[in-house]
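Peer 1: Next come the chains, spelled out residue by residue.
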Amino acid sequence: MAVPLLEVDDLTVRFRTDAGWMTAVDRVSLAVGEGEALGIVGESGSGKSVTALSILRLHAAATTRMPTGKIHYGGKDLLTLPTREMRQIRGGEIAMIFQDPMSSLNPVLTIADQIGESLRLHQGVDQATARKRAIELLDLVRIPDAARRVDEYPHRLSGGMRQRVMIAIAIACRPKLLIADEPTTALDVTIQAQILDLLRDLQRELGMSVILITHDMGVIAEFARRVMVMYAGRVVETAPVGQMFRRPVHPYTEGLLTAIPKLDVDVRRLPTIAGSIPDPTAVIPGCRYSPRCPQVQESCRRDSPALLPAGPEREARCPPRVAAMAKETVA
Amino acid sequence: MSAALKTDTADAPIIQVRDLVKEFNVTRGRGGPPAILRAVNHISFDIRSGTTLGLVGESGSGKSTTGRLLVGLIPATSGEISLFGETITGADGEAALAKVRSKLQFVFQDPHGSLNPRMRVGDCIAEPIDIAGGWSRKDRADRVSELLETVGLPRAVAERFPHEFSGGQRQRIGIARALALRPDFVVCDEPVSALDVSMQAQIINLLLDLQERLGLSYLFIAHDLAVVRSIATDVAVMYAGALVEQAPKTVLYSAPKHPYTQALLDAVPRPDPDRVRSAALGGEVPSILNPLPGCAFAARCPHVMAVCRQDRPAPRPTGEGHVVACHLY
Ligand SMILES: Nc1ncnc2c1ncn2[C@@H]1O[C@H](COP(=O)(O)OP(=O)(O)OP(=O)(O)O)[C@@H](O)[C@H]1O
Ligand SMILES: Nc1ncnc2c1ncn2[C@@H]1O[C@H](COP(=O)(O)OP(=O)(O)O)[C@@H](O)[C@H]1O
Ligand code: SF4
Ligand code: SF4
Ligand SMILES: [Mg+2]
Ligand SMILES: [Mg+2]
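Going down the list, the protein sequences come from chains A and B.
The first sequence maps to residues 2 to 332 in my numbering.
The second sequence maps to residues -6 to 322 in my numbering.
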């Protein structure tokens, strides 16, 4: 990657809860290149959404302690950017779509109004132009009969169509980066395939970078070029997609890949990962995966492991495995 | 029809469903005219003792409605359901259902919503026992401990409250409750859909172990085809209220016949970066409120023929326990 479009550096986000402060995202760093598709995968509560929302500063300030770290974008730090400038970037150069399109669509505005709002805010176009552009955008996201649909309200649309509308709004201002947080999780599998096809085509046509967040390894394999695996608020592994699937380094990635139910073969008993995802407020010394890790060593419970280089373009937060791999390569 | 599934006569089915229909009265829009929505449209299948029928299909295809019909939670509009030789549909259905009710249980998708947050876990699990009545305090307490052990939870859990547990643990509690009265047949409606991958495998394996140990039969409902493959013996695919295909698991996944099943299997993203999926199937699931005549899949089917738009394809056996409802066969 020459110069990344967006670079997140040591992002930490804490929340105040009844049980005290909890760290939702712990020193997360990532980079997205121009036109690149980065996947973020992890189970619920691993910090995927908090990472994404922090990039756009979409957290209610009252509940969050100001996140620490840096988010470099276009020579600026998004974490300290004045609110006015941030508003221009949000929905303009960086856009986001969510799992549940209904919660981000306004039920009392027509689709034309909602797409138009974004165009008027960011590009200052007049109403007639906005409407014309809205129809073009609905066409672009392959909504049939766009000229009629543009005057409908969101509740009249199916889940798949609503997600298309969300995508139309997101790409209205030709963003450089689209952050898609579980965009297909609520959809049926044949509709998910349509939306993934659409996102991939748009990414190519518009030359956008995409950060795709999902808990589904299948979606990652299909869509992303590079992947980042999160566990309990930390990045545990980053790798080019092919390499991660062929040879996971971190024991959690490995466990997750073997525990996925298989579609193409009969398996008598699925391998499992012992225990469960840790309580977010729990203090786990050393490696946060150590209570569940089949390869745990004495040192793992003592020292907090660093994210270590594990080959070209690869990193893993597991010193024992990284050391073992280094030995294998030498031998 | 499902006669094709009865290849082994020694293994007579404990559940037989014939031409089952369920209609709901709904209104179109707010204060609109009344309409009839056929959520389950003439379906037939069998479940043999100790086996699992996996029921897959997309949202609104009628899976949960089928499950609720099967354990008598809602009455059928027409058709027949026999459970353990008792016909629970028709004139004497109520009495027949009363005879077999204790053999039937239900496990829900949402481990949060299905447990009363104000009840201790032990009382949640004992709820069916308390409703049935006639248990001594000691027997009840012993049964709760036994159930917790069965689902792999420590006994002390009985004194705590559901919110103190993770989704996977809550699902174990839900399963323990379902097993309280030693049912023979359990409808599991999306029991792992709300769980993370690392929890899913644990619960699937638990259900498999329980089946082996207790000889349970399941109707296992899920929209995730891979999850169904990991647990089912036979699989039935629903589309817009109809059963379009059923077959023994391995046959269905390795040689699907119905164009919808083929499209569905093809659309699932695999954790394999080298796989190239074919372009997605277009269109959307049709409204079951205004069904067109003919095959419900006709509008999206790549093999559609003139006959498909006129006649509804009947389910036909094609050998190997395979039943397909499609004019191609
Ligand atoms: N009590 C009811 N009154 C009216 N309509 C109903 C009722 N219960 C279900 N339906 C309708 O019947 C159809 C089938 O619903 P069902 O819940 O069986 O689908 P499903 O396959 O379980 O879907 P999902 O995957 O979303 O759980 C849907 O259109 C649903 O809206
Ligand atoms: N506004 C908030 N207030 C308090 N805790 C939060 C808030 N948003 C998220 N969290 C917590 O932060 C952790 C990470 O959440 P999230 O990023 O949403 O996970 P996911 O990986 O499932 O998207 C979770 O434990 C979650 O409960
Ligand atoms: S650091 Fe130790 S406990 Fe953590 S994943 Fe690696 S081997 Fe397992
Ligand atoms: S009956 Fe016709 S339309 Fe329906 S699935 Fe078969 S070929 Fe396709
Ligand atoms: Mg999330
Ligand atoms: Mg359902």
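Read the hints as simulated data drawn from the structure, not as lab findings.
Computed from a prediction, not measured in an experiment: that's the story for all the values here.
The C-beta atom is built at its ideal place from N, Cα and C for all residues, glycine as well.
Where hints are given, some of them may not hold.
Unchecked claim - Dumping the calculated DMTMM-like pairs for lysine to aspartate or glutamate here, alpha-carbon to alpha-carbon at most 20 angstroms:
id, chain 1, residue 1, chain 2, residue 2
1, B, 250, A, 86
2, A, 263, A, 280
3, A, 263, B, 265
4, A, 263, B, 202
5, B, 250, B, 51
6, B, 250, A, 267
7, B, 242, A, 265
Said to hold, decoys possible - Now the in silico label distances, taken between C-beta atoms and shown as ranges:
id, chain 1, residue 1, chain 2, residue 2, range
8, B, 149, A, 201, 22 to 32 angstroms
9, B, 311, A, 4, 31 to 41 angstroms
10, A, 248, B, 139, 42 to 52 angstroms
11, A, 110, B, 42, 34 to 44 angstroms
Unchecked claim - If we take Cβ atoms under 10 angstroms as the criterion, some of the chain A residues that face chain B in the derived model are:
id, residue
12, 75
13, 78
14, 103
15, 154
16, 160
17, 188
18, 189
19, 191
20, 194
21, 218
22, 219
23, 271
24, 275
Peer 1: Go through the numbered hints given earlier and state which of them the structure violates, listing their numbers in rising order.
Peer 2: Those not satisfied are hints 1, 2, 8, 9, 11, 12, 13, 14 and 15.
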